[in-house]
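Number of protein chains: 2
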Amino acid sequence: MSLEKSIRSIGPRLNLETGLIDMTHGSGGKNSYQLVKEIFSDVFGSAHLMDKNNYLKAPVGDLVMTTDSFVVSPLFFPGGDIGSLSMHGTINDLAMCGAQPLYLTISFIIEEGFPLKDLLRISKSLKKTQEDTGIKIQSGDTKVVERGKGDGVFITTTGVGILPPSRQPLSLQAIKPKDVILVNGPLGDHGIAILAHRAHLDFETQIQSDSAALHTLTEQMLTKCSGLRYLQDPTRGGLSGCLNEISYATGLSIELDSKKIPLRTDVRAACELLGIDPLVLANEGKLVAICSADCAEDLLREMKTHSLGQNAAIIGTVVESVESQTPRVTLRTPYGGQKILNWLSGDQLPRIC
Amino acid sequence: MSLEKSIRSIGPRLNLETGLIDMTHGSGGKNSYQLVKEIFSDVFGSAHLMDKNNYLKAPVGDLVMTTDSFVVSPLFFPGGDIGSLSMHGTINDLAMCGAQPLYLTISFIIEEGFPLKDLLRISKSLKKTQEDTGIKIQSGDTKVVERGKGDGVFITTTGVGILPPSRQPLSLQAIKPKDVILVNGPLGDHGIAILAHRAHLDFETQIQSDSAALHTLTEQMLTKCSGLRYLQDPTRGGLSGCLNEISYATGLSIELDSKKIPLRTDVRAACELLGIDPLVLANEGKLVAICSADCAEDLLREMKTHSLGQNAAIIGTVVESVESQTPRVTLRTPYGGQKILNWLSGDQLPRIC
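Protein chains in written order, with numbering that gives the first Met the number 0: chain R, 0 to 352; chain F, 0 to 352.
Careful, some of the hints might be misleading.
Remember, identical chains collapse to one label, so a pair may be satisfied in a single copy or spanning two.
[To be verified] Pairs of lysine-lysine, DSS-like flavour, derived with a Cα cap of 25 Å: (1) Lys135 x Lys56; (2) Lys338 x Lys259; (3) Lys148 x Lys116; (4) Lys126 x Lys56; (5) Lys177 x Lys338.
Read the hints as simulated data drawn from the structure, not as lab findings.
With these hints in hand, go ahead and build the complete structure from the sequences.
The following block contains the structure:
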């Protein structure tokens, strides 16, 4: 039976212009079925929910598995939406483990009253992200909660990737003093894009989220640089949170040079205006790489050949902690001073991803 | 550094008696770190969040991957809680594909103000379920949303399993007329347990959810019965929803014998009192098996040897649909009549799982 015919035979079609999610769409009954058929069939691909279409070719190498929930607000923002973000985020989590992403699953928790046309917009964004990244969503789930018990849509994506047999797992334990720290481009774009959109701020140019899938960049880096020790994406908590956690976990300190940290001029201006440190702002298409000193320049050159690494930079080094001090992250300021980059305990910008 | 020392060095310990979740626990900063350390370290097992501890031994055979969000209300109910339920649910989804479950991930969306002691209770339940089922949670995520934008805790679990190389994938296409339909025990327990708890109904005996992991039962069934065509767990939508969807997708009809469908006496009584059809109630430890007629008795005997199949029963058969009719599920009543089991379009009992 064709999909078109299946849908027609099950009841009147959904009104994708003005229709709203109601509790029956989460019942597991006919209406749930219809919702998935009409909104998500392009993403899930299966003609029938109960089709066992989740048998996947087993890869050669160790598996890597990561999961992430997305509660970003607003759902649509300059440079992306919760759909593309949720795929990029999980693809990047796998990539940061040195893995080649293979398969994704997606699960929706939808609030009663959510417009079907917005759900369709998210579904189309997922489809486009599948095409752009080459990573397919294999299976999914939808649940509905009452009005006031959710907030539009929450998405959880989970990914499975493969660590090629010749590749060593990345590990915090590999990080050593004198290692060099790189980023693949300017920081804080996602945080400012969301914040500006929430606050209805008009900057001269619209700042776009940097949301992007980094798996082809990391693959290139891992293939070309044997001295790469560790990768991490500075999402929630920003560069500062990411490096503080690494410092805390390894017992090593980190010294950054503020002049070398790439920032877009408009992001820097927005941060000054708003009194926000760009280094605590979330990024969704950036990575921190830590590599041995002897291969840092090669790695930088390699990164710059990739479209997502054109503005890559060496920003600092790993150092032994001073005996009497707790490990810390310091920033050399443009005026030659040094300040400690603290690990944020509060939340400057909730629901950024 | 020992976990104990890590936690102390990061700040004052959480108050697990009276403390509440706040937005900083979702910041990705120090407080997120502390939350995971103190509440979930037993479940996640890693000393540091950024430790790449999600490298998994690659199995031999095709992979199966499923995901499911749990928004059950209440979070704690007779016979289980959202923690055990979320693990059982995803283990069962894998088992219904004929797969051996290997790895799980878990993601929490927590509402601001949620009591830490309840989160700890869920964490302990997850730990116990890991021990009981032998399936480990490999990685996880936590997000926090503002008060009134969630409802306590939502959990999404995703699982990866393996289809042993000698085993054929299960498929709707394998189902044929004259095939026999079995269930592994009495239906509707989960639905009534949740409903009674929500409505503060006192029955003579407390009805417990049937929430359970079915992977050892399915493994036994798949190993012993080569005529097994298809497995499905009748969760949301109950037996009626499950069989209607199978009928709709295959174009075949299904005839059930109401006398043979196992129901607990107290569940039957509760359903009569409440005017609810037990066949639309959700189950969380039940499966529907469809097998060739010649091996049905053997399969039934095999199921009865397993603790989760002691009350298994043959309940009906698959038949050709009458040419002029749409495929349908019918129930032979105790008085010899026949009624059509409709596919629920509404939702009798929202947020049952």
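Hints and how they fare:
1. Both within a single protomer and between protomers do Lys135 and Lys56 lie at most 25 Å apart by alpha-carbon distance, with minima of 13 Å and 22 Å respectively.
2. Taking the shortest alpha-carbon separations for Lys338 and Lys259, only the intra-copy value of 15 Å comes in at or below 25 Å, while the best inter-copy value is 75 Å.
3. With identical chains, the CA atoms of Lys148 and Lys116 are at most 25 Å apart both within one copy (21 Å) and between copies (21 Å).
4. For the identical chains of this complex, Lys126 and Lys56 are intra-copy neighbours only, at 21 Å inside a copy versus 31 Å across copies, given an alpha-carbon limit of 25 Å.
5. When the C-alpha separation of Lys177 and Lys338 is checked against a cutoff of 25 Å, the pair qualifies only within one copy, where the shortest distance is 20 Å, while the shortest distance between copies is 77 Å.
In summary, this structure violates none of the numbered hints.
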